[in-house]
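Protein chains in written order, with our numbering: chain A, 83 to 253; chain B, 2 to 193.
To be clear, the hints were calculated from the coordinates, so they are not data collected in a lab.
Stretch-level coverage of chain B by chain A, calculated; a stretch enters the list once three of its residues show a Cβ under 8 Å from a Cβ in chain A:
#1 26-35
#2 40-50
#3 58-71
#4 123-132
#5 145-153
Stretch-level coverage of chain A by chain B, calculated; a stretch enters the list once three of its residues show a Cβ under 8 Å from a Cβ in chain B:
#6 91-99
#7 112-124
Glycine is no exception: its CB is placed at the ideal position from the N, C-alpha and C atoms.
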Amino acid sequence: MSDYNDREILDGLRVLASEEPRQAPKHVETFLLSAFRRRARRRRLTAWVTAAGIGAIAAGIATLVWLAEPMLKRAPVSDRAVASAPAQADSAAEVKYAVIRTDEVASSFYPLPEADALPPLESAMVVRVQLPLASLQLMGFPVNDEAGADPVEADVLLGQDGLARGVRLIQ
Amino acid sequence: MLDSPSLSDGDLLRLISAGDERAFLAFYRRHQGSVFRYALQMSGKQEIAEEVTQEVFLLVMSIAKEYDPNRGSAAAYLYGIARNFVLRCLEREKPYLTVLDEPGSEYANRAAGSHDVLGELTRNERIESLRKAVLALPPAYREVVVLCDLSELEYAEAAGVLGCAIGTVRSRLHRARALLMEKMRASERCTA
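With the rest of the complex left out, here is chain B (with noise of 0.2 Å):
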């Protein structure tokens, strides 16, 4: 019997490129949760989310022997492939994509589910302002809060993830973030 749990991700892959289906299992249980969340934060959609799930771990079982652990963790190395997806698809929809306001949305639904007291609306209502000003981010700056405030990745992780520098990461976490506090002040106003 496999021991996953014991067997890091470069010796799963290894087994994944052997065709050890075991190994793709565990490998996929260990992983799917954060890319499938890195994609539905990047792109508020849920068919997204599966979308790019699915593909990045078709691609791994393609290339899972091209994986080279000195370059990176695996989890980095998932979250590459996943951006370079999330990114095709978000391009792709670009046309369609009205994720705050479309009622069918994901986190439209979630929000018209919530039917608590008073002070659990509004806190409801002000993470709901923040995941809408969050989507909002133009790419660059959505996807370091993803990757570093949402997956708590560390900063010289997230530039693996995205191809820049340490610094690069830190100047667009704080304008994004400058960016996300002017979009809650002004949906604050709005509301007031």
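Bound-form chain A, shown alone (with noise of 0.2 Å):
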């Protein structure tokens, strides 16, 4: 018999490459199937949760801000408190009360993420309210997990519909 030669390696390796099977088992396409459903399933239920967990939130402000309407003491707004409004606010915006004592210091307003989605600000209210750190966390702030557990004071920018459009927090 001849030695090899690399013609004869190259025809053996074609050969070898038609006579391997095609395919992969039916049983792996069948697990893959079911893992791919259950990951389906799976990614359904967390967009769920996590619109339900931003519904909760925001009814839970808008709670609040009912419970704590009777009581606040309303004020004008100062010249600040509009300018750090949140930039989609319309210009002709009208913001009639807050509630800003001259002793506190307030950040600027940040957009609440589903605020973009909502009719543009006519008319505005600006309410006091205590915030679980959770809730910070779920709007976007960043948030030390080692911070105790005590809510914080922020002010809700309210539109005319009563949905809140932005947020600032108090020292």
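Put the complex together from the two separate chains, hints included.
Next up, the structure:
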């Protein structure tokens, strides 16, 4: 029998390639499909829980506003408060009331994630609330995990429809 | 209905990342054969090939949206993932892997099942010897033979999968074929 040469090796490899099984067994496909379905179900559940969480926060804020409204001491909005309102607010928006004391330091208003989808601001009200740290985290504020469980004071900017547009923290 | 043949791999991967089951199925059916064969040719074991195929497509579900068509074909992308899993499996099974002589291995079964005429037997023996010689190559040489000769990837694609220069692929392939020739000659001398 002749010694092997390059051509014979290549021919042999070609035969080898043509003889190999061309498909993975069916049970691999079945397993992967069920894994894909499990994963899709998990994704849907996660989306639902997130939406429910955001809804609960919005409802919580609305309840706080509703409960706190009679007790709020309303004062005219300072120039600083109007200037720091979210940028998407209509320039003609009429901001009626706020609860700002001169001894407080307020951050700028941060627009809430879902505020972009709301109608333009025509009139607004700023309401002082106390928010748990977890709510701030869900709104996208960086929160130190080691911080205490005490709620923080914040001003919520409500539009003419009573929906929150922005939040600022008060110190 | 998803018209999968008209959709590119990139389109399918985008749909997969959005949770489209039909897109996943179409993508799987398009590529599973090459991934499975690659893993089988690299490992010589059916169960490793099945495991690698599963792992590759499970990973595809998670990272489909990260695929960038500008960085190479989806096939090369899959070979790259499969390669990592295969090398991990081979490393894990190193102490136990005796593919060439193991009675239960995929190839041993296939060789034992050949009961044809003498010419066919001789041919089968030579192919079987070549298969064993490929599996006995060091992994760095085996993978270029599997990618370029058995899976028929272009040198550039193989270089992309292996993360090396085309020149390296060429030189490894040259060396791998020389090693195969040596092994085949040695095996023939033993037979004689």
